Amino acid sequence: MTFEAVDICKAFDGFEVLRNVSMSMPLDGLIGLIGPNGAGKSTLFSVISGFMPPSSGHVTFDGVSMNGMSASTRARAGMVRTFQVPKEFSHLSVRENLMAAAPGQAGENLTGLFLRPGLVRRQEDGLRKRADAVISFLRLDRVADSSAGLLSGGQKKLLELGRALMVEPKLILLDEPFAGVNPVLIGEIMERIRELNGRGIGFLIIEHDLDALTRLVSRLYVMDQGAILAEGEPVAVLADKAVRDAYLGGEA
Amino acid sequence: MLSYLLAIVIITLIYLLLSFGLSLQYGSVGLINFGHVGFFAIGAYTSALLALSGVPLLASFCAAAIAAGLAAWPIGLISLRLRDDYFAIVTLGFSETVRIIIVSEKWLTNGVQGVPGIPRLFSSLPVGFEAQLATAALLLLVCAAAAFTIWRIINSPFGRVIQAIRDNEDALKALGKDPARFKIQVLMLSAALAGIAGAFYAHYITFIIPEQFVPLVTFYVWMAIIIGGVGRISGAIVGTVLLMTFLEGSRFMRDFIPGVSEVEMASLRIGVIGLLLVLFTLYRPQGLMGDYTKR
Chain R
43 MTFEAVDICK AFDGFEVLRN VSMSMPLDGL IGLIGPNGAG KSTLFSVISG FMPPSSGHVT
103 FDGVSMNGMS ASTRARAGMV RTFQVPKEFS HLSVRENLMA AAPGQAGENL TGLFLRPGLV
163 RRQEDGLRKR ADAVISFLRL DRVADSSAGL LSGGQKKLLE LGRALMVEPK LILLDEPFAG
223 VNPVLIGEIM ERIRELNGRG IGFLIIEHDL DALTRLVSRL YVMDQGAILA EGEPVAVLAD
283 KAVRDAYLGG EA
Chain A
5 MLSYLLAIVI ITLIYLLLSF GLSLQYGSVG LINFGHVGFF AIGAYTSALL ALSGVPLLAS
65 FCAAAIAAGL AAWPIGLISL RLRDDYFAIV TLGFSETVRI IIVSEKWLTN GVQGVPGIPR
125 LFSSLPVGFE AQLATAALLL LVCAAAAFTI WRIINSPFGR VIQAIRDNED ALKALGKDPA
185 RFKIQVLMLS AALAGIAGAF YAHYITFIIP EQFVPLVTFY VWMAIIIGGV GRISGAIVGT
245 VLLMTFLEGS RFMRDFIPGV SEVEMASLRI GVIGLLLVLF TLYRPQGLMG DYTKR
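These protein sequences, in sequence, are chains R and A. In short: position in the first sequence from 1, add 42, done, that's the numbering used here. In short: position in the second sequence from 1, add 4, done, that's the numbering used here.
No wet-lab data here; the hints were simulated from the structure. Every value quoted in this text rests on a predicted model; they were computed, and no experiment measured them. All residues carry an ideal CB built from backbone N, CA and C; glycine is no exception. Be aware that one or more of the hints could be misleading.
Claimed, not checked - Straight line, CA to CA, 16 Å or less: simulated EDC-like cross-link-like pairs of lysine to aspartate or glutamate: (1) Lys171(R) / Asp183(R); (2) Lys129(R) / Asp171(A); (3) Lys129(R) / Glu173(A); (4) Lys129(R) / Asp174(A).
Stated by the list, open to error - Every beta carbon over 10 Å from chain R, so not counted as near; a handful from chain A, in silico: (5) Leu10; (6) Ala11; (7) Ala63; (8) Gly121; (9) Asp259; (10) Ile274; (11) Gly278; (12) Leu279; (13) Leu283; (14) Leu286; (15) Gln290.
To be verified - Distance windows between CB atoms, simulated: (16) Asp174(A) / Glu233(R): 27 to 35 Å; (17) Phe256(A) / Arg170(R): 50 to 58 Å; (18) Gly168(R) / Phe152(A): 21 to 29 Å; (19) Asn62(R) / Ile105(A): 49 to 57 Å; (20) Glu58(R) / Phe152(A): 53 to 61 Å; (21) Leu286(A) / Gly105(R): 55 to 63 Å.
Can you make the complete structure from the sequences, with help from the hints?
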């Protein structure tokens, strides 16, 4: 039950964005990934989640090699990502956003839609309940019927987390869940992440808010210039001289 | 006169089936299909040839829908991973390929000479007004069923995913759904509608030749949905009715415009439509029935 990235390299026109990046984590882990802007963190996410092919290297998930799998196949296998800039379905309501994320709906097939109307109706009722449960878990009740495009930045981050939950993933890759979110809501999101992790869902989190992140995760990876610079227990990693030089400019 | 009006109604309803399909494709999943007439042609020839070999019309109409729908499947499979504009070119190429195959495969389609003597619908009724009226009524029923089907799809879980595709394809992929699968289904359904339209056309005109299936047909349909408003059932209806009324009505306009010959009139018609399209895309890109709150 581990997630592993082995020797991932990615080059654009000869420019190496990722250089032999390897990481591994248990599927129920709570891991942070930090690094200065341009370190390659989001690119690593894109490669891991199948949005970009690596130049070399491979990803295994729960013992299965994910090489060559499309992004949607990887998500169905249990690894769901969110995006740095939230990609909400802006014309759908919050509830519909969640409902659209759930897998295996007969009504999402033209044949099922017209040939099995009873099943479609039952599934929709069940799905609405599931979506409402996620909505109240994330405290989005007041905006459940609003268009997602009208939400605040923080609410959109929560919505993306909620959509990921509807897929019932084993591992969620969060790209800057606290960016642009007010401090109160950050505490809220952290609380939810802890709770979900307690239920066995793993998290790999890119975040610049080191203060929040170190309180949340049990282990940190640090990237710089496309390579892993350090890894380990958060307090120890942040005390590391090389990390301070790269990330904090040596002054902190 | 009444018979002439009915003829216009029938052709308009046939075009309406084409408009519904194209409008669903572009308005819902943003497919720019420039080869719609290819599916229309496949439907027309499938039903015509089957009927001539003795297959009952109900079966030949179903076969037309299935053949056109299935033809859309490989097109979707190979081209939906392309960018929008490439998809447009591939579909345009597809419809021309269909036409050229019809021209060359003489053993099957009789080439440029075409297929004459296609059985009419309602052949038990006397030729003329009654049969025409029955055909128009049946077409109206089919159009209503198509409109209902599209409405049902848009307001279903499938429609929800379609809207999600329009809002953000990447997010949908990240959640484990393959946008291409939904686009292919929309493409196949629209193609099947075009196939049914083709069957109606063949059995109404009773004589089909490859020259009836040129890209201009596709672009007439595009004109209709751009004028009426893309992605709305009402838009397809209004646009198609206006376009067909204009195309037919302008035949008589020559009487009122001095110094214009028959040939010049044909060019003038296209010119006016072109001007309208330019004005619409500039000042009212959402069409007549589009969202009035947005520009």
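A quick look at each hint next to the structure:
| no. | hint | verdict |
| --- | --- | --- |
| 1 | Lys171(R) / Asp183(R) | holds (13 Å) |
| 2 | Lys129(R) / Asp171(A) | holds (8 Å) |
| 3 | Lys129(R) / Glu173(A) | holds (9 Å) |
| 4 | Lys129(R) / Asp174(A) | holds (8 Å) |
| 5 | Leu10 | holds (32 Å) |
| 6 | Ala11 | holds (33 Å) |
| 7 | Ala63 | holds (21 Å) |
| 8 | Gly121 | holds (36 Å) |
| 9 | Asp259 | holds (49 Å) |
| 10 | Ile274 | holds (36 Å) |
| 11 | Gly278 | holds (32 Å) |
| 12 | Leu279 | holds (33 Å) |
| 13 | Leu283 | holds (28 Å) |
| 14 | Leu286 | holds (25 Å) |
| 15 | Gln290 | holds (15 Å) |
| 16 | Asp174(A) / Glu233(R): 27 to 35 Å | holds (28 Å) |
| 17 | Phe256(A) / Arg170(R): 50 to 58 Å | holds (56 Å) |
| 18 | Gly168(R) / Phe152(A): 21 to 29 Å | holds (26 Å) |
| 19 | Asn62(R) / Ile105(A): 49 to 57 Å | holds (53 Å) |
| 20 | Glu58(R) / Phe152(A): 53 to 61 Å | holds (56 Å) |
| 21 | Leu286(A) / Gly105(R): 55 to 63 Å | holds (58 Å) |
Against the hints set out earlier in the document, no violation occurs for any number.
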